[in-house]
Amino acid sequence: MQEPFLTPSALINELKKNKVTHVVWLPDSETNFMYNKMAADPEFLIIPVCREGEAMAVAAGLWVGGAKPVVLIQNTGLFESGDSIRGINIDMAIPMVMLVGYRGWKRHGVITDSAAKFTEPMLDTWGLNYHLIETDEDVNRISTAYMESEKNQSTVVCLLGAEYTDQE
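Everything in the sequence shown is counted per my numbering, starting at 1259 for the first residue and increasing by one.
It is worth saying that the hints were derived from the structure and are not from the lab. It is possible that part of the hints are untrue.
Simulated crosslink set (DMTMM-like; lysine to aspartate or glutamate; CA at most 20 Å straight-line) [to be verified]:
| id | residue 1 | residue 2 |
| --- | --- | --- |
| 1 | Lys-1326 | Glu-1301 |
| 2 | Lys-1275 | Glu-1312 |
| 3 | Lys-1275 | Asp-1396 |
| 4 | Lys-1274 | Asp-1396 |
| 5 | Lys-1277 | Asp-1349 |
| 6 | Lys-1274 | Glu-1395 |
| 7 | Lys-1275 | Asp-1349 |
| 8 | Lys-1375 | Glu-1338 |
| 9 | Lys-1277 | Asp-1396 |
| 10 | Lys-1326 | Glu-1392 |
| 11 | Lys-1275 | Glu-1301 |
| 12 | Lys-1375 | Glu-1395 |
| 13 | Lys-1375 | Glu-1392 |
| 14 | Lys-1275 | Glu-1378 |
| 15 | Lys-1274 | Asp-1394 |
| 16 | Lys-1326 | Asp-1299 |
| 17 | Lys-1409 | Asp-1349 |
| 18 | Lys-1375 | Glu-1406 |
All values derive from a computational prediction rather than experimental measurement.
Working from the sequences, and respecting the hints, build out all of it.
Shown next as structure tokens:
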């Protein structure tokens, strides 16, 4: 039996379905497959940032200007972004969806990476709703996140619990 996997195309198609205009992200090795596909797609404007905390301000500014961004960072960057998330996303009630790489997450087995251990408790502390995406069958949770975000004027996180595969 083949393990289910998460492909960049499935995520990209779901973002398009939600009319995402901009991808605000901090480049990392785990998102390389997705970056290459997004960069080649004229429907997205890719906006790289130097630090994850900047992504919140950039995405909020895009939203104020009428765009529909998504933030793409890793969970370690989520921790670095804490004050931006508090001050911009929460206090200003900015509807935003974040795709967060869930470094260290294991569905089966013992989680030893502190980044994975702290991710969900941090999101709970901030009062942010989140959804786990591990396979192509889960990507519809991105649409759920956008609906929740817009309805509640809040930030919703999609935790990417699997590394992308280039098998398309």
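Hint check: Lys-1375 vs Glu-1395, CA-CA at most 20 Å. Holds or violated?
25 Å, violated
When you check the alpha-carbon spacing of Lys-1275 and Asp-1349, does it fall within 20 Å?
Not OK: Lys-1275 and Asp-1349 at ~28 Å, beyond 20 Å, violated.
Does the structure keep Lys-1277 and Asp-1396 at a Cα separation of 20 Å or less?
18 Å, holds
Hinted pair, alpha-carbon criterion (20 Å max): Lys-1275, Glu-1312. Please report holds or violated.
Cα-Cα ~26 Å, so violated.
Holds or violated: Lys-1275 with Glu-1301, Cα cutoff 20 Å?
Holds, at about 11 Å.
Under the criterion that the straight-line Cα-Cα distance not exceed 20 Å, is the pair Lys-1326, Glu-1392 satisfied?
24 Å, violated
Restraint check for Lys-1409 with Asp-1349, where alpha carbons must lie at most 20 Å apart
16 Å, holds
Below or equal to 20 Å on CA atoms is what counts here, so check Lys-1275 against Asp-1396.
14 Å, holds
For a C-alpha distance cap of 20 Å, please report whether Lys-1326 and Glu-1301 respect it.
Status holds; Cα separation ~12 Å.
Between Lys-1274 and Asp-1394, does the CA-CA distance stay at or below 20 Å?
Distance of about 15 Å is within 20 Å: holds.
Would you check the hint for Lys-1375 and Glu-1392, treating anything up to 20 Å between C-alpha atoms as holding?
17 Å, holds
Next pair to validate is Lys-1326 with Asp-1299; report whether the Cα-Cα distance is within 20 Å.
16 Å, holds
This entry does not satisfy hints 2, 5, 7, 10, 12, 14 and 18, going by the numbered hints stated previously.
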